[in-house]
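Each chain, written out:
There are 2 protein chains.
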Amino acid sequence: MSSEGNTVIGLLGGGQLGRMLCEAANPLGIDIAILDEQNAPAKQAHNTNRHVLGSFKDPERIKELAARSDYLSVEIEHVDTEVLEEIEKNGVQVDTKDGVVTHRPPIHPSWKTIRLIQDKYLQKEHFKSSGKGIPIAEQIAIESGDGALDSLKEAGEKFGFPFMLKARKGSYDGRGNYKIDSEDDFEPAIKALGTLPLYAEKWAPFVKELAVMVIRTEDNDGNLRACVAYPAVETIHEDSICTKVFMPPREVSEEICEKARKLASEVISTLWGRGVFAVEMFLLDDDSLMINEVAPRPHNSGHYTIEAVPYMSQYQAQLHAVLDLPVPEKLIPRVQSSIMLNILGGAKPESHHNLSALARGHFDEDMDVYLHLYNKVSKPGRKIGHITLTGFCSIEELEAKAKPFIEMVDEIREERLGSTSETLRPTQESKSPTPAKSPEPVKRASYANAVKSDTTNHVQPEASETSEEEEVPSDKPLVLVTMGSDSDLPVLKAGLDILREFKVPYALDITSAHRTPKYMMRVADEAAGKGIKVIIAAAGGAAHLPGMISSETPLPVIGVPVKATHLDGIDSLLSIVQMPRGVPTATVGINNSTNAALLAIRILGSFVPEYQQAMKKYQIEMEEAVIVKGTKLREAGDLEYLEAMKSKK
Amino acid sequence: MSSEGNTVIGLLGGGQLGRMLCEAANPLGIDIAILDEQNAPAKQAHNTNRHVLGSFKDPERIKELAARSDYLSVEIEHVDTEVLEEIEKNGVQVDTKDGVVTHRPPIHPSWKTIRLIQDKYLQKEHFKSSGKGIPIAEQIAIESGDGALDSLKEAGEKFGFPFMLKARKGSYDGRGNYKIDSEDDFEPAIKALGTLPLYAEKWAPFVKELAVMVIRTEDNDGNLRACVAYPAVETIHEDSICTKVFMPPREVSEEICEKARKLASEVISTLWGRGVFAVEMFLLDDDSLMINEVAPRPHNSGHYTIEAVPYMSQYQAQLHAVLDLPVPEKLIPRVQSSIMLNILGGAKPESHHNLSALARGHFDEDMDVYLHLYNKVSKPGRKIGHITLTGFCSIEELEAKAKPFIEMVDEIREERLGSTSETLRPTQESKSPTPAKSPEPVKRASYANAVKSDTTNHVQPEASETSEEEEVPSDKPLVLVTMGSDSDLPVLKAGLDILREFKVPYALDITSAHRTPKYMMRVADEAAGKGIKVIIAAAGGAAHLPGMISSETPLPVIGVPVKATHLDGIDSLLSIVQMPRGVPTATVGINNSTNAALLAIRILGSFVPEYQQAMKKYQIEMEEAVIVKGTKLREAGDLEYLEAMKSKK
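So the protein sequences, as listed, match chains A and B.
The first sequence: position 631 = 631 (my numbering), numbered continuously.
The second sequence: position 355 = 355 (my numbering), numbered continuously.
Mixed in with the good hints there might be a few duds.
Because identical chains cannot be distinguished in the list, a pair is counted as satisfied if it fits within a single copy or across any two copies.
To be verified - In the DSSO-like style, the derived pairs of lysine-lysine whose C-alpha atoms are separated by at most 30 Å in a straight line are:
1. Lys518 / Lys632
2. Lys97 / Lys530
3. Lys617 / Lys401
4. Lys128 / Lys493
5. Lys617 / Lys476
6. Lys476 / Lys616
7. Lys616 / Lys530
Quick caveat, the hints were computed from the structure, so don't treat them as lab data.
These numbers come from a predicted model, not from an experiment.
Could you build all of it, start to finish, from the sequences and the hints given here?
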């Protein structure tokens, strides 16, 4: 499975968490195969021929990743756990020189953990029923359909008002939470949250949000070895996004921090599989803790560990845990204090540039500054990087030293909020009741369950730290299909169908060698620079187009001879195929645009494994189709078969 | 020049120094374009479409790199400074949508510095004549040819015996040093060092080797801004390779360390350009310092800065200096002590595995362990990684804690020396007179100028930390050229010449569709798995080979119709081109293997920029050749031209 003896971890998702995982893996000689889009942030920081192109939600691609990996892991919890379960149980079939073998890469964390965590209600029920005394907010599952109203009434009676109505699953993609102030909110809430499975949660006051990263190890039989907790941190959420992290938490006793670490370890000990986990919790006004939710992966609240626990950052810990390498018994930071500030895209693409520049040029005897950019296009509110400040001083002194950074982060936010209309940012509401324009740390009591904004009820916590939020860019064409005349288009239709079937992005044009010679030359000249990899050119009669295009481009040109009025296409064929030495065209059969498209896909497939895989599949299906026909022919005999063929036409 | 607004540094060479530069660049959002072989260690840690495939000694490739970079820098000093000088003076021509423009990326450090450093004699003469009182060993240039013997006599008279005879240039590739014990050594020394320019150096006693990394900044007009020195370190060389680095140096006073830093800054202030520089020096028995040599780049003796000066490692400093970003005024380590141990390939490929495992599992409250693997194939004596230990204790205490690591490193060395015959390791001799089997730190006086071993006189200091020592792996074939019969080979010759001209690695075979059908199917079936990207298949008559191959592979297949005995090749052409829908062949003209090869190269070129560049060049040359002919024809007229054509034949 591995190249040059390196162990390969297949990772579902390639956002910034995957990128930082790769940054940790590079010096350790660990290979990470990423399943995500072509230019995913993680793929940029690690070059391997094992990356898989495609969606981390596509079962076929996940299996392809499994086939080339020694271990499987996830960057994000919103994955298809059915396929992970299937891979664990049945393995994947891998072609080797000794024939097809079943390959079963260990999956960490377990799909059981991921599946549990995907349902927020079940997740908390699990913690409640663990018998470990894990504190969670009281909750009631809400019946779907006609029973919903009755369930809501029951919740109102049990919890009083306000209480929270939440979707159990998939809160990452825009569906979310609804604050119920009175019975009048029941119907609009049900309408807003639609047919999603829901639950109601008691409203709880909190003074701070804390988080603890935990490394969970177990042996290969699933027996827990250890849960080791990182220091507790204070997290600040603004507009539903984690923006700042303080280590240690400000004005929180060491005793409470220790309690938080122990609680986090207890919580994670109830789950399955190896890896690092984030435990988000609330510190209530009576100094008690309440578990909010768990993420089964490295987490924004653990970025600070890269510099603060440099010998075992959360990313190295994820690698060590998944691969069952040693992890420390204690995780003691090597700095006294640390502040992590997310760099969120501002109103303009360059809004954060002053902040990066500040980070690059700020040197202080008691504070070090570390810039992390994710190489993502800046968009308002998007997580495009972070800055970690480490202190050889107390957290209060570090916060004072960090003032220029915090002020700049807040200015970028204010500018963004000022410039963005509400309708453009449906996911940007306050998780705490802090007013949008007052980003100071909240000292007064706030509420654990967040929030109904005036305009929408969507909350998108944390999703943006993974690849989840990335839009797939509209694919740039890889193939240019051009023709001498629109009368060639019907012949090209079959080939274009093939390109569509194989999901090859293509561009179309009409470039007549004889009627638009200059334009044809320009198109040919510019194609390579535009990222085109193959040109298909169709022409009939004195079919000069493919050869002329070829003379102006370094790209491979596939010529499709189109049968013209006379000579049955032989004129077109010979015009295209008999090119002089020096200027090749790849000629296919007369009118055979299907083969032109298939040839283009084979060319792409030599360098893009996904296309080669698809081609293999196509060839197998073609073989199977003929075998089926053969069976039918053997069974039916020639006369009946011919009859059936006629009736089909 | 840059993608998504990132600044691009073009780097000549992609060994482990380039790899660690990429590791530093990734989180900073800096793009590094590497000029080196396909799988160079640096290319693995940074994924960009700007890498250039080829040798960093190839002027054309260097210009190609310059064209796609905002800045140019070097990983290694053994580069062609002529081409760097030319690029600085005349720039490179870049095609843009607004036409061809001249692009002049700043080059740091300056080619002047690199050229000076390439000549060890001139380097030291430069320091001597700088007027800054830089201490160097006395030296005399040795005349070449007949005068050599007289020069050597002069040196003997001036320096006494022993003294060192050294090559001025290129000591990295196996040529080196000769210790002259008496006049009897003159002739063998001249014979051994051949026609290289030489110099003689006075023998000097030293107790330790020290090194200091220095960041040099200057403005864009070449005015020095600052030289900032890292802490002084002690370097241990064994078998001419740096193996261990101690920070701070053991049993050296702080006063001497400060003196070393000041001296190093003085030395580097006399050079040109921005970047980090290594200054290697000797501590003599009278506590004075003597400059040995300078490397104009990050250096093995500075690896420890990654963890010990984490806010500005030597790699980040290289990036900041080259790009003219801020650098600190002081470089204070964040740990009390540090030891760097090189991982050198042992007797067996797995000899170092126990060492890596030790590094992965060793946790200590006062010592952190950092493993760095370079993803290189292990070979005896090759630098394949390093381990940095950082201490929250004194260097003596750290050395005690590091004992298991040091012992294991020494065991690997002993096993390697024991198993390797002298003839197999011409570059492995002791730079200090420490016996090979006694790796304890040298306390007794040794000699500054190194060394004649009993068997050879080659010294290869430091070259192995860059890509320099890497052998280019024999390229795996990208194109398979196969034919139905060896009678097709003469037709294929022209195409094979093209593949050779374009340096495309190819494999050859004979696979007859009718005489070796099973073998043909197997070859077709296995090609993609072997890394083949394109298949060229030639056949004549009932030319089934290309189509049959195509039916068994997902790769693009180019068919060459070979003219057979009858029908003038039309039988071959139609057999190849008129394939059924579903199974494409890319058909070229009858007997036109030239175009088959060019088409294969265009296909490769769509994904390997080097081949596309070469194709563009080929097309331009073809155009020029025809224009020249046209000129001749216009000048000579048809009759004279025809006459000339005849006489050519």
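* Asked: Given identical chains, is Lys617 near Lys476, meaning Cα to Cα at most 30 Å, within a copy, between copies, both, or neither?
  -> Result: close both inside a copy and across copies, 24 Å intra and 26 Å inter.
* **Intra- versus inter-copy proximity for Lys493 and Lys128 (alpha-carbon distance at most 30 Å)** => Cα proximity of Lys128 and Lys493: none, with 60 Å in one copy and 77 Å across.
* To do: Check Lys476 against Lys616 for me: Cα-Cα at most 30 Å, and say if that holds within a copy, between copies, both or neither.
  => The answer is both: 24 Å in one copy and 23 Å across copies each meet 30 Å.
* Asked: For Lys518 vs Lys632, is the C-alpha pair at or below 30 Å within one copy, between two copies, both, or neither?
  -> between (54 Å within a copy, 27 Å between copies)
* Asked: Which holds for Lys617 with Lys401 at a C-alpha limit of 30 Å: within a copy, between copies, both or neither?
  -> Result: close neither inside a copy nor across copies, 60 Å intra and 57 Å inter.
* Pop the pair Lys616 and Lys530 into one bin, within, between, both or neither, using alpha-carbon distances up to 30 Å. => both (28 Å within a copy, 15 Å between copies)
* Can you tell me if Lys97 and Lys530 fall within 30 Å by alpha carbon in one copy, between copies, both or neither? -> Classified as between; 11 Å across copies, 39 Å inside a copy.
Hint compliance for this structure: hints 3, 4 are broken, all remaining hints hold.
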